[in-house]
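Protein chains in written order, with this note's numbering: chain A, 43 to 637; chain B, 43 to 637.
Careful: at least some of the hints might be erroneous.
Straight-line C-alpha distance at most 30 angstroms; calculated DSSO-like pairs for lysine-lysine [stated by the list, open to error]:
| # | chain 1 | residue 1 | chain 2 | residue 2 |
| --- | --- | --- | --- | --- |
| 1 | A | Lys254 | A | Lys349 |
| 2 | A | Lys622 | B | Lys88 |
| 3 | B | Lys222 | A | Lys633 |
To be clear, the hints were calculated from the coordinates, so they are not data collected in a lab.
Protein chains: 2
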Amino acid sequence: MTNPDSKDQGTIDLAEYIFRRLIQLGVGTIHGVPGDYNLTALDYIKPLGLTWAGNGNELNSGYAADGYGRIKGIAAVITAFGVGELSAINAIGGAFAEKSPVVHLVGTPPLPAQKAKACMHHTLGNGDYRAFPEMTKYVTVAQADLTDAETAPALVDAALKACILNSRPAYIQLPTNLVKAQVPPPTVPIDLSHPGYDEGYEDKVLEMLVEKMQGSKKPVILMDGLTARFHINEEINEFVRLTGFPTLSSPFGKGIVNENLPNYCGGYEGIVGDESTKQQIDDSDLILNFGPLHSDVNAMGFSAIPKPDVTVTFEGYSVRFGPEEADPQSRALLIKSFMTKLIKRLKTTELPTIQPFTRGPSFSPTVLKDLEPAADGDAIKQDEFWLRMSEYLKPGDLLVTEAGTPFAGGNTLILPENTILLNSCLWFSIGFTLPALQGAALAQREQRQEGNKEGARTSGRAILFIGDGSLQMSVQAIGDIIRNRLDATIVVINNDGYTVERVLHGFKKSYNEIQPWRNTLAPSFFGAPENDPEYPVITAQARNWGELRNVWGRKDVQAGKGLAVIEVFMHYADAPRLLKKLAAYVTERNKANEA
Amino acid sequence: MTNPDSKDQGTIDLAEYIFRRLIQLGVGTIHGVPGDYNLTALDYIKPLGLTWAGNGNELNSGYAADGYGRIKGIAAVITAFGVGELSAINAIGGAFAEKSPVVHLVGTPPLPAQKAKACMHHTLGNGDYRAFPEMTKYVTVAQADLTDAETAPALVDAALKACILNSRPAYIQLPTNLVKAQVPPPTVPIDLSHPGYDEGYEDKVLEMLVEKMQGSKKPVILMDGLTARFHINEEINEFVRLTGFPTLSSPFGKGIVNENLPNYCGGYEGIVGDESTKQQIDDSDLILNFGPLHSDVNAMGFSAIPKPDVTVTFEGYSVRFGPEEADPQSRALLIKSFMTKLIKRLKTTELPTIQPFTRGPSFSPTVLKDLEPAADGDAIKQDEFWLRMSEYLKPGDLLVTEAGTPFAGGNTLILPENTILLNSCLWFSIGFTLPALQGAALAQREQRQEGNKEGARTSGRAILFIGDGSLQMSVQAIGDIIRNRLDATIVVINNDGYTVERVLHGFKKSYNEIQPWRNTLAPSFFGAPENDPEYPVITAQARNWGELRNVWGRKDVQAGKGLAVIEVFMHYADAPRLLKKLAAYVTERNKANEA
Numbered sequence: 043m044t045n046p047d048s049k050d051q052g053t054i055d056l057a058e059y060i061f062r063r064l065i066q067l068g069v070g071t072i073h074g075v076p077g078d079y080n081l082t083a084l085d086y087i088k089p090l091g092l093t094w095a096g097n098g099n100e101l102n103s104g105y106a107a108d109g110y111g112r113i114k115g116i117a118a119v120i121t122a123f124g125v126g127e128l129s130a131i132n133a134i135g136g137a138f139a140e141k142s143p144v145v146h147l148v149g150t151p152p153l154p155a156q157k158a159k160a161c162m163h164h165t166l167g168n169g170d171y172r173a174f175p176e177m178t179k180y181v182t183v184a185q186a187d188l189t190d191a192e193t194a195p196a197l198v199d200a201a202l203k204a205c206i207l208n209s210r211p212a213y214i215q216l217p218t219n220l221v222k223a224q225v226p227p228p229t230v231p232i233d234l235s236h237p238g239y240d241e242g243y244e245d246k247v248l249e250m251l252v253e254k255m256q257g258s259k260k261p262v263i264l265m266d267g268l269t270a271r272f273h274i275n276e277e278i279n280e281f282v283r284l285t286g287f288p289t290l291s292s293p294f295g296k297g298i299v300n301e302n303l304p305n306y307c308g309g310y311e312g313i314v315g316d317e318s319t320k321q322q323i324d325d326s327d328l329i330l331n332f333g334p335l336h337s338d339v340n341a342m343g344f345s346a347i348p349k350p351d352v353t354v355t356f357e358g359y360s361v362r363f364g365p366e367e368a369d370p371q372s373r374a375l376l377i378k379s380f381m382t383k384l385i386k387r388l389k390t391t392e393l394p395t396i397q398p399f400t401r402g403p404s405f406s407p408t409v410l411k412d413l414e415p416a417a418d419g420d421a422i423k424q425d426e427f428w429l430r431m432s433e434y435l436k437p438g439d440l441l442v443t444e445a446g447t448p449f450a451g452g453n454t455l456i457l458p459e460n461t462i463l464l465n466s467c468l469w470f471s472i473g474f475t476l477p478a479l480q481g482a483a484l485a486q487r488e489q490r491q492e493g494n495k496e497g498a499r500t501s502g503r504a505i506l507f508i509g510d511g512s513l514q515m516s517v518q519a520i521g522d523i524i525r526n527r528l529d530a531t532i533v534v535i536n537n538d539g540y541t542v543e544r545v546l547h548g549f550k551k552s553y554n555e556i557q558p559w560r561n562t563l564a565p566s567f568f569g570a571p572e573n574d575p576e577y578p579v580i581t582a583q584a585r586n587w588g589e590l591r592n593v594w595g596r597k598d599v600q601a602g603k604g605l606a607v608i609e610v611f612m613h614y615a616d617a618p619r620l621l622k623k624l625a626a627y628v629t630e631r632n633k634a635n636e637a
Numbered sequence: 043m044t045n046p047d048s049k050d051q052g053t054i055d056l057a058e059y060i061f062r063r064l065i066q067l068g069v070g071t072i073h074g075v076p077g078d079y080n081l082t083a084l085d086y087i088k089p090l091g092l093t094w095a096g097n098g099n100e101l102n103s104g105y106a107a108d109g110y111g112r113i114k115g116i117a118a119v120i121t122a123f124g125v126g127e128l129s130a131i132n133a134i135g136g137a138f139a140e141k142s143p144v145v146h147l148v149g150t151p152p153l154p155a156q157k158a159k160a161c162m163h164h165t166l167g168n169g170d171y172r173a174f175p176e177m178t179k180y181v182t183v184a185q186a187d188l189t190d191a192e193t194a195p196a197l198v199d200a201a202l203k204a205c206i207l208n209s210r211p212a213y214i215q216l217p218t219n220l221v222k223a224q225v226p227p228p229t230v231p232i233d234l235s236h237p238g239y240d241e242g243y244e245d246k247v248l249e250m251l252v253e254k255m256q257g258s259k260k261p262v263i264l265m266d267g268l269t270a271r272f273h274i275n276e277e278i279n280e281f282v283r284l285t286g287f288p289t290l291s292s293p294f295g296k297g298i299v300n301e302n303l304p305n306y307c308g309g310y311e312g313i314v315g316d317e318s319t320k321q322q323i324d325d326s327d328l329i330l331n332f333g334p335l336h337s338d339v340n341a342m343g344f345s346a347i348p349k350p351d352v353t354v355t356f357e358g359y360s361v362r363f364g365p366e367e368a369d370p371q372s373r374a375l376l377i378k379s380f381m382t383k384l385i386k387r388l389k390t391t392e393l394p395t396i397q398p399f400t401r402g403p404s405f406s407p408t409v410l411k412d413l414e415p416a417a418d419g420d421a422i423k424q425d426e427f428w429l430r431m432s433e434y435l436k437p438g439d440l441l442v443t444e445a446g447t448p449f450a451g452g453n454t455l456i457l458p459e460n461t462i463l464l465n466s467c468l469w470f471s472i473g474f475t476l477p478a479l480q481g482a483a484l485a486q487r488e489q490r491q492e493g494n495k496e497g498a499r500t501s502g503r504a505i506l507f508i509g510d511g512s513l514q515m516s517v518q519a520i521g522d523i524i525r526n527r528l529d530a531t532i533v534v535i536n537n538d539g540y541t542v543e544r545v546l547h548g549f550k551k552s553y554n555e556i557q558p559w560r561n562t563l564a565p566s567f568f569g570a571p572e573n574d575p576e577y578p579v580i581t582a583q584a585r586n587w588g589e590l591r592n593v594w595g596r597k598d599v600q601a602g603k604g605l606a607v608i609e610v611f612m613h614y615a616d617a618p619r620l621l622k623k624l625a626a627y628v629t630e631r632n633k634a635n636e637a
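For reference, chain A alone in the conformation it holds in the complex (with noise of 0.2 angstroms):
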């Protein structure tokens, strides 16, 4: 696409090289929503073969290109100046704490108009332009002001490499008046190498590591969330093969180990998990920790902490050991070179025999092997339910937990080969997972619409789990996932309002009772097609063990085609295990705080 009136022949649009840039990177689709000052940038989105999300609202498309972006390794998102900037920015927060590296663009009043501090529509009024980069900030690694035509190309460069290297959020203002601004076309790659790297202090690295692997008696290897970000998925599993070491997933980090190897022993719940692990863990001699996410919740009220004299760190740039926080002289490794050398050397190398790990009562395997059978009649339990939902997954599934009950439910499913597991282990927000589910769902078919290996592993099937109080604050993004023809499953929990917050404090209060809606009807209000056999719509309730069979035995429901809204029954008073015990051990460290 070239801009027809432009003069010279040699240059494109600025706005037409951010999106090349994009796409370059990776990125296939564009979240967001049109607002002034960003709609004549949105003219460039389907000429140069992007998709255009169109998302019911700016949290949402925030929220959706976070998980688009942890599937990817790339997402954009287009606001409009001030007000929708600022509905996506608890989004972009969710990105830059839990590091999902989303491109946040905003279309901003001409600069003439920012230089006259002219009281322009979605401005505060008083003057001040500055006011929304200044918030962004806080939750992006890079701003890129676009002023003028000479600098922008570099900034956008700038921002987009922070942005990929950081994992993190990077922020891009374009002002109405430069999108049509003559710049030279990106010829060559975005520089994205990482400006510390060291191959010979990478192969040090690893000469330091297989001698303290070597010489472990009793090594675990702790397997946390932010490896997602790496993208070493394939060189992880093989290293937890080859290396038979015991090996354990932080709820963050669930789904990442293949929970079928032999040598995968369950979640690491600290505290409030079962003892004998955590004395085994206490008791290593070494522990590799892959990108840890050490917050209070994904890390058990900080009790599942690795011993840090005993733990090896696994960064994207860094593998750290002990307490020490970084090199000294900045060098930095690349993660994915760093594992392909590891797992080959691994080959050629004997590792000592270690002490076998005894895997804890609550391992998932163990209890759903155990569990009772539940008459047709029998109400639906979380425990049971989370254990029970094992059965109907599927190899390649991407399954998205939202905050709540299913985060912790979550933790106790047992996950077929290629699984996908999204979650928030941070941020929290809750609502974030159905805008998310539509964002990562998307990516998934574009990546095996474009035929590579990630595309292959999965299933094309997509299941959420919400509860009714999260389900209320994004519920628009079911709309989005229609108008996407997205094939998802969403499975409500409806347990009469927030029992998350139930567990935690006021637990028969009004406040934690929600308005009760009519789930099922979402497909239709959503504007659902009624009689599309390309995309076949299902709703269905369970209020027992029976129901709840029924639906999955649907063969339509296990396809996973179209849009499916399953509403299962609970009582409110009813949490998983592991969200009742963190909820007592927490309540407990606050009084202790508060005394």
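Once you've looked at the hints, dock chain B against the given chain A.
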């Protein structure tokens, strides 16, 4: 309510202190969403006699508080730290821009965790506990960061005073460990006096104004929307009546002046309105401009800003002559006191005979009178729709017009006495009005229950006009309306997408399309009762004038009790005259800007 753990008989819990202060200022309902770090504070709401609105999400709770604040002069919203407050921040920005006094109370993690920079959930994970209050500084006039029992009451009082005096949002951070901190009860009301108030100055300004008015031959009153923040509705109307000066309204100011007054001359639309009106305003020798908001849209591309040299500007604490900015001695007057004195003075003051003002051809009553009758089968066109809607309005109605076509069309409604019209003319965040309707309707119901003058003026009907695109942004507010059993009529203009954006740019572009919803399913989906005579639910669709007349002819629709969702279909390319002309004018200006 007293804390059972309280040792000191003479003290109360800090949380109770805050709520008691809010009650003293007129808050009857707290908007918000429960979340960790605010739960224990929520325990105080019900026992203190406050209502908990319980919104579906935080953005909506903020918008609702804005609507409530515009009616009652004070509002409060509670959200959770980080995730909750950022979700609401666009609404807080709107309240800042358009001056709605909203107190935003945020429950924050316990101070020891903050000091330790602990990686708690809802943080960014980088130990930065100042990020959110820093972001909030740009959109609030005061920030109270409560850190101990000794200083907290004064900080709370100062924040509330700033909120009231500036009619803009204030922000209060309440850490969970201070919820029960013991503080003295608020025995004396908050001192809300303006620090610069000078009665002698007020009287002097009054004399200057009277002199100006006596010397004027061609005076005019321009009523703008920030006047509503002064809560001087009666005084304003008495003033307009007494002077007989020709009076015109901006879109933001519409509804403040009784449109039945013989000297009411309609809306002033600058260069996009009637030429003869602009000519007469330009020829005026005295323009009394009340509560101006000179945004690009409200002032019609800045063309409706009155000439500074003949303008007297009325604000909450000042009356300024000509281009003079403020009193050099920082003296203030109180607009209510000023207007009361002015009216008294005018009763004994003879004003000169003034030149008659000729209403322009666009004056709505004139246009409506000449309108050809519409046949039953005729399509519903925008301009005609808004004019004819006037016939269904009743004195005391609460009307809310969303950004887009309703904003422009609503400007041509003929309003009966005591009608309140809420809209947005600067921030223009689409989706604002549905939650704002919830908040405003709730505020009016409280006013009726309080049995005061404001309450007596209301009809009990609350009618929103909103486009199908805007509706999607914040649709869960329909659930909040049902939860709070509010009487509300929601007129959804279904015109296949964002017509306001189409008019601006991308007329037929797919990015201005939306996922089509089945809007009349909304009451069912959001859980409206099915057979509750106390809360009737009506849904209806109108595709032509016959159908629309049938709908509005229904007694239950006219009564406005319960919830009605009325979907009116219009062509996507149709827009009210004002919007088309304004868009054309702004587009031309932008092109000039971009050249």
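- Message: Just to be careful, I want the Cα atoms of lysine 254 of chain A and lysine 349 of chain A compared with a cutoff of 30 angstroms; is the pair within it?
- Response: With Cα atoms ~15 angstroms apart, lysine 254 of chain A and lysine 349 of chain A stay inside 30 angstroms; holds.
Taking only the CA atoms, is the gap from lysine 622 of chain A to lysine 88 of chain B under or equal to 30 angstroms?
With a Cα-Cα distance of about 26 angstroms, the restraint between lysine 622 of chain A and lysine 88 of chain B holds, given a limit of 30 angstroms.
* To do: Would you mind confirming whether the straight-line C-alpha gap from lysine 222 of chain B to lysine 633 of chain A stays at or under 30 angstroms?
  => 12 angstroms, holds
The structure meets every hint from the earlier list without exception.
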